[in-house]
Structure formats: structure tokens, C-alpha cells
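Residues per chain, in single letters:
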Amino acid sequence: MDGLAHQIIAGIATGGIYASVALALVMIYQATHHINFAQGEMATLSTFIAWYLVTEGVPYWIAFFATIGISFVIGALIERILLRPVQNAPPLTHVGVFIGLLLIIGNATGWIFGYTTKVFPTPFVSDAPLFGGLISAHELGTTAVTLVVLLLIFVFFRYTKLGLGMRAAAYNPRSARLVGINVGMMLALGWGLAAAVGAIAGMMVAPVVFLDPTMMLGILLYAFAGALLGGIDNPGGAVLGGFAVGVLENLAGAYVVGTELKLTVALIIIISVLLVRPAGLFGRVVLSRV
Amino acid sequence: MPALLEVRGLKAGYGPTHVLHGLDFDVDAGGVTALLGANGAGKTTSLRAVSGMIRTEGEIRFQGESIAGQATEAIAQRGIAHVPDGRGTFMELTVEENFRLGAYVRTDKADVQRDFERMWEWFPRLRQRWKQQAGTLSGGEQQMLAIARALLLKPRLLLLDEPSFGLAPLIVQEIFAIMRRIREESGAGILLVEQNANLALELADRAYLLETGRIVVSGLAAEIRQDESIRRSYLGY
Numbered sequence: 361m362d363g364l365a366h367q368i369i370a371g372i373a374t375g376g377i378y379a380s381v382a383l384a385l386v387m388i389y390q391a392t393h394h395i396n397f398a399q400g401e402m403a404t405l406s407t408f409i410a411w412y413l414v415t416e417g418v419p420y421w422i423a424f425f426a427t428i429g430i431s432f433v434i435g436a437l438i439e440r441i442l443l444r445p446v447q448n449a450p451p452l453t454h455v456g457v458f459i460g461l462l463l464i465i466g467n468a469t470g471w472i473f474g475y476t477t478k479v480f481p482t483p484f485v486s487d488a489p490l491f492g493g494l495i496s497a498h499e500l501g502t503t504a505v506t507l508v509v510l511l512l513i514f515v516f517f518r519y520t521k522l523g524l525g526m527r528a529a530a531y532n533p534r535s536a537r538l539v540g541i542n543v544g545m546m547l548a549l550g551w552g553l554a555a556a557v558g559a560i561a562g563m564m565v566a567p568v569v570f571l572d573p574t575m576m577l578g579i580l581l582y583a584f585a586g587a588l589l590g591g592i593d594n595p596g597g598a599v600l601g602g603f604a605v606g607v608l609e610n611l612a613g614a615y616v617v618g619t620e621l622k623l624t625v626a627l628i629i630i631i632s633v634l635l636v637r638p639a640g641l642f643g644r645v646v647l648s649r650v
Numbered sequence: 011m012p013a014l015l016e017v018r019g020l021k022a023g024y025g026p027t028h029v030l031h032g033l034d035f036d037v038d039a040g041g042v043t044a045l046l047g048a049n050g051a052g053k054t055t056s057l058r059a060v061s062g063m064i065r066t067e068g069e070i071r072f073q074g075e076s077i078a079g080q081a082t083e084a085i086a087q088r089g090i091a092h093v094p095d096g097r098g099t100f101m102e103l104t105v106e107e108n109f110r111l112g113a114y115v116r117t118d119k120a121d122v123q124r125d126f127e128r129m130w131e132w133f134p135r136l137r138q139r140w141k142q143q144a145g146t147l148s149g150g151e152q153q154m155l156a157i158a159r160a161l162l163l164k165p166r167l168l169l170l171d172e173p174s175f176g177l178a179p180l181i182v183q184e185i186f187a188i189m190r191r192i193r194e195e196s197g198a199g200i201l202l203v204e205q206n207a208n209l210a211l212e213l214a215d216r217a218y219l220l221e222t223g224r225i226v227v228s229g230l231a232a233e234i235r236q237d238e239s240i241r242r243s244y245l246g247y
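Protein chains in written order, with the working numbering: chain A, 361 to 650; chain D, 11 to 247.
If we strip away everything but chain A, and leave its shape as in the complex, we get (with noise of 0.2 Å):
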């Protein structure tokens, strides 16, 4: 019984990080109507600076919230640079440009940093067990960590001026030009904070599957399958979903699959969603009438 309390348990920490993910991609798909699937190599990109800068012998909070501004910077000058051109090309192109993003981002990464697996340190250490070893430190300051992003990005979208500035650009791009936003600029904010999010989940998932090149494939995966099962147009979904993603692969992967088959659970998740309701379990359906 203890067992499958931690399963559970820890499956909502990985959980989590699929869900800032699944934000992640969610905000970027609002803003584009296109999946970045080089998300995972931008956040791969930011840890390997967060360790840069740890390994330098910054103190790990200042090294995490410097990353988090600079993969902020890097998010928004990627749309500013790369997507600007192209955003009124046919879909295809966009494809294009997120696969050569994740080329390029992953492989220079593994060229600067180098390809070998790096230990990356966690900020969460408990001397005593938690919990009755329910829990480890690190699994409860990443929930942590992981829902007061969450609700800070919940807050800002909901609350703000800006946050609303956004929305609307994502919605209705021409519309928000005619009250005078300026959409160029929202699209790189949404970007930059992406990235930003990104971040936060590779340096909170780093110390668990350590850093490599190519560490955010298979949450990328888990994340991809999360935000569709909530509903690729809703944040609030796709959080739940990354959080249902997390606990459903442990529980799988411990008691059904076995650990190597556990990213085919992502993949059924995928094929079910778009075989059984394409929508997703809470992908919003818009009311109009004419």
C-alpha cells in the first residue's frame, strides 16, 4: 500500500514538470496554432546554463532565477529572429522551422557543453526522511516549486493588463492590433515566458534523469501527451493532463509495463486522445452565434 502511495506521489512530482511543459507548449499554440517541438531543447539549453553558472559557483537560487531571465531573453529573440519571417507561411513551414530549431538547439548545446551525462544539483535536501519516506525532499520542493509557477502564470494571465493584452492577441490577433496592442510584441513576450517556464521544468527535473543533450525528449513526449488529453487550447487542461500523465506512467510503469516500456504509455495516451476525442477531455468548446 505504501508502495503505491509513493507511486503516486511521485508520479505527480515528475507530473509537474509535464505539466510546465504542457504550459509551456499550450501558450505557444494559443499565440501560433503550431506545437514547438523544440521546447524541449530550448529547456535542455537553459539547464545546461543553469549548470554553467552553478558549476562557476553561483549560488543555485541566483543561478535559477538568472536562467530563468535569460531563457526569457532567448525565448523572445527566437520569435522576434526565426518565427517573425515566416508567420503568415503555410503551416509546413513552421514545421520546418521548429524541427531546424531543435536541430540546431540540441546539437549546439551537446557542441558547447559536450555530450556526456552531468550531475545537476538539487536545491531541495532533507536530512530525515518525509513523510515516513513517503516522499523524498527533492519530489516535494518540485511540486512546490512546479505549482507556484502554476499559479503565478494562472495569476498573470487572469489578472493582469498584460496577461489580458496577450490573451487577446493569441485570440484575435487583428482585432487586438485595432484596440492598439502591439501583437509583434505579445507573441514575444508569450515566447520569452514559454521559455521561461521550460526552464524552470529541465532544472527541476534535471537532478532526477540528469543532464544530457538530450534530456527533454521523453518528457517532451509525456508533456505533448499531457497537454492534449486536457485540451491543447486550455492551459488549466493541459496542466491536469501533464499532472494525469505523470501519475498514469508510474503507475505503468511500475506495475504494468515495467520501467523501459513506460514512454509507450505517452504514445497510446496520443493515439487514444486523437482516436477518441481530439479535443481533449476539457478542450474548450467555443459558443458563437451569428
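Hints are not guaranteed to be accurate.
[Claimed, not checked] Facing chain A, from chain D, some residues (calculated, C-beta under 10 Å):
| # | residue |
| --- | --- |
| 1 | Arg71 |
| 2 | Gly74 |
| 3 | Ser76 |
| 4 | Ile77 |
| 5 | Gly79 |
| 6 | Pro94 |
| 7 | Phe100 |
| 8 | Gly112 |
| 9 | Tyr114 |
| 10 | Val115 |
| 11 | Asp118 |
| 12 | Ser174 |
| 13 | Met189 |
| 14 | Arg191 |
[Unchecked claim] With a cut-off of at most 30 Å between alpha-carbon atoms, the simulated DSS-like pairs for lysine-lysine come out as follows:
| # | chain 1 | residue 1 | chain 2 | residue 2 |
| --- | --- | --- | --- | --- |
| 15 | D | Lys119 | D | Lys141 |
| 16 | A | Lys521 | D | Lys141 |
| 17 | A | Lys521 | D | Lys119 |
| 18 | D | Lys164 | A | Lys521 |
| 19 | A | Lys478 | A | Lys622 |
Just so you know, the hints here were simulated from the structure itself, not pulled from any lab data.
For every residue, glycine included, the Cβ atom is placed at its ideal position computed from N, Cα and C.
On the provided structure of chain A, position chain D as indicated by the hints.
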């Protein structure tokens, strides 16, 4: 005194196709100018040209300054509000959020709140639907929301694209009554595109008749209304 909006030799189109072949028209401060004409005459394109949504040639002057070639958001920030064809409502957002977006570029908070209250008074039904998703409103309510959103920019010039389109006659009456109020109370100039020529000419003081991208008749709205031959050959009533 120059007009609020002066357009001279305006050419515009989509891609290589030209839709407007050199238009001249004016909107006075506090005045209503109507652009009339059949489908495809270039009315909607004229409005899009003024708000910089398409590439243009020719002069577009607003309050004496050229705005031709500027970005749509920059033109909006100058005080030109546009209710586009299809109304441009943010369907996924609530009525309240649509209101807040209308006033997005304004920084005078107290003044914005006063304008919210004024819009509630003009459009009481929008207040009842305050927290509702805009996509669930009826057509008439959506048109009211579109006009309210545009007015919340506190515009000097309001561009209205077919405010009567697809609405029941009673609702159309209501909306035109509100437009009369806008004209009296806000002092903004209005450039109105309308298929319902009769209604438009009642409201307007200046009117231009478009045919395939050219102005074929222009003059005072009252005179055009009286002119039997224009009415018969162009307006069809």
C-alpha cells in the same frame, strides 16, 4: 480648418488586385460621413486602408498628420477606433474583458471607469451579461459590444463597418439611435459604411457613393437623399 480625416487619391487592394482606384473623402470633427455602394464597391477596403490593415497609396491625414503606412496599433493609439466587418469581438473572452481591451491603451483609470458606466447606461444589456463569454451574446448584443469596445478607446474618429448587418430591424433602429447619441455626446467623427443607404443618409451629413472602387457621387447627405435619380440608379429605393 482642415477636416478631421482627409483622404486624397487613395489606392489600395489585396495582393496585385486593386480594389480602390483613387478615392478622395473627408470626415469632419463631430460629423458623420457615409460611404455607400453595392457589395464589392470598396467600402470595407476603404476602412481597412484608413486603419492601416492593408497596403495603400495616396494621402491619409488624421488631425492634419499623415498616417498612411503606419501600423494598425499605432493608428488605434492615435484615436481611431474601428468596428470591423464581422465586428471583431473577442469571442472567447467575457464582456468585461472586451470592455477592458477597448480601453487597453488608455492610462486615465478614473476616466475609463466613468466611460464604463456611460456604456452601461447606453447598453444596459451588456451590463447584465458582464461576466458572460462574448461568443454567447446575440447578434445585436455583439454589435453593441463592438461599438462599446470601440468607444472605450475614447476615439476622435470612429470607423463603423455595416453596423446593421444581419440584425433584425428593431435592433437596427436601436443601434442607429445610439449612434445619434454618440454623435451628439462624444464629439467624435464617424466614418460609416452601410448597405442600408436610407438609414445611413438619415444619420450622415456627408456621403460618398462608391462603384467598383471609384467615387461616383459625393455631396451633402440631405441633398443626395432628395435626389430622385441618384436614389433610383444607385441606392435602389
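Checked hints:
1. The restraint placing Arg71/D at the interface with chain A is violated, with a minimum CB-CB distance near 20 Å, outside the 10 Å limit.
2. Checking Gly74/D against chain A: minimum C-beta separation of about 21 Å lies over 10 Å; hint violated.
3. Because the beta carbon of Ser76/D sits about 19 Å from the nearest beta carbon in chain A, more than 10 Å, this interface hint is broken.
4. With a least beta-carbon distance of about 13 Å to chain A, the hint placing Ile77/D at the interface is violated under the 10 Å criterion.
5. Checking Gly79/D against chain A by beta carbon gives a least distance of about 15 Å; that is not within 10 Å, so the hint is violated.
6. Interface restraint check for Pro94/D: the shortest CB-CB distance to chain A comes to about 7 Å, inside 10 Å, so the restraint holds.
7. Against a cut-off of 10 Å between C-beta atoms, the interface hint on Phe100/D holds, since the closest Cβ of chain A lies about 5 Å away.
8. Annotation: Gly112/D was flagged as interfacial toward chain A, and the flag holds, the nearest CB pair being 6 Å apart, inside 10 Å.
9. A hinted interface residue such as Tyr114/D counts as satisfied when its beta carbon comes closer than 10 Å to some beta carbon of chain A; here the least separation is about 5 Å, so the hint holds.
10. Using the Cβ-Cβ criterion of 10 Å, the hint placing Val115/D at the interface with chain A is satisfied: the shortest such distance is roughly 4 Å.
11. For Asp118/D, the shortest C-beta to C-beta distance to chain A is roughly 14 Å, which exceeds 10 Å, and the interface hint is violated.
12. With its C-beta approaching chain A no nearer than about 14 Å, Ser174/D sits outside the 10 Å limit, and its interface hint is violated.
13. About 18 Å separates the beta-carbon of Met189/D from the nearest beta-carbon of chain A, more than 10 Å, and the hint is not met.
14. For Arg191/D, the interface hint is violated, the least distance from its beta-carbon to any beta-carbon of chain A being 22 Å, above 10 Å.
15. The straight-line distance between the Cα atoms of Lys119/D and Lys141/D is roughly 20 Å, inside the 30 Å bound, and the hint therefore holds.
16. At roughly 17 Å between alpha-carbon atoms, Lys521/A and Lys141/D fall within 30 Å of each other, so this suggested pair holds.
17. With a CA separation close to 12 Å, the supplied pair Lys521/A and Lys119/D stays within the 30 Å bound.
18. Among the hinted pairs, Lys164/D with Lys521/A is consistent with the structure: their alpha-carbon atoms are about 18 Å apart, no more than 30 Å.
19. For the hint pairing Lys478/A with Lys622/A, the CA-to-CA distance comes to about 23 Å; that is within 30 Å, so the pair holds.
Hint compliance for this structure: hints 1, 2, 3, 4, 5, 11, 12, 13 and 14 are broken, all remaining hints hold.
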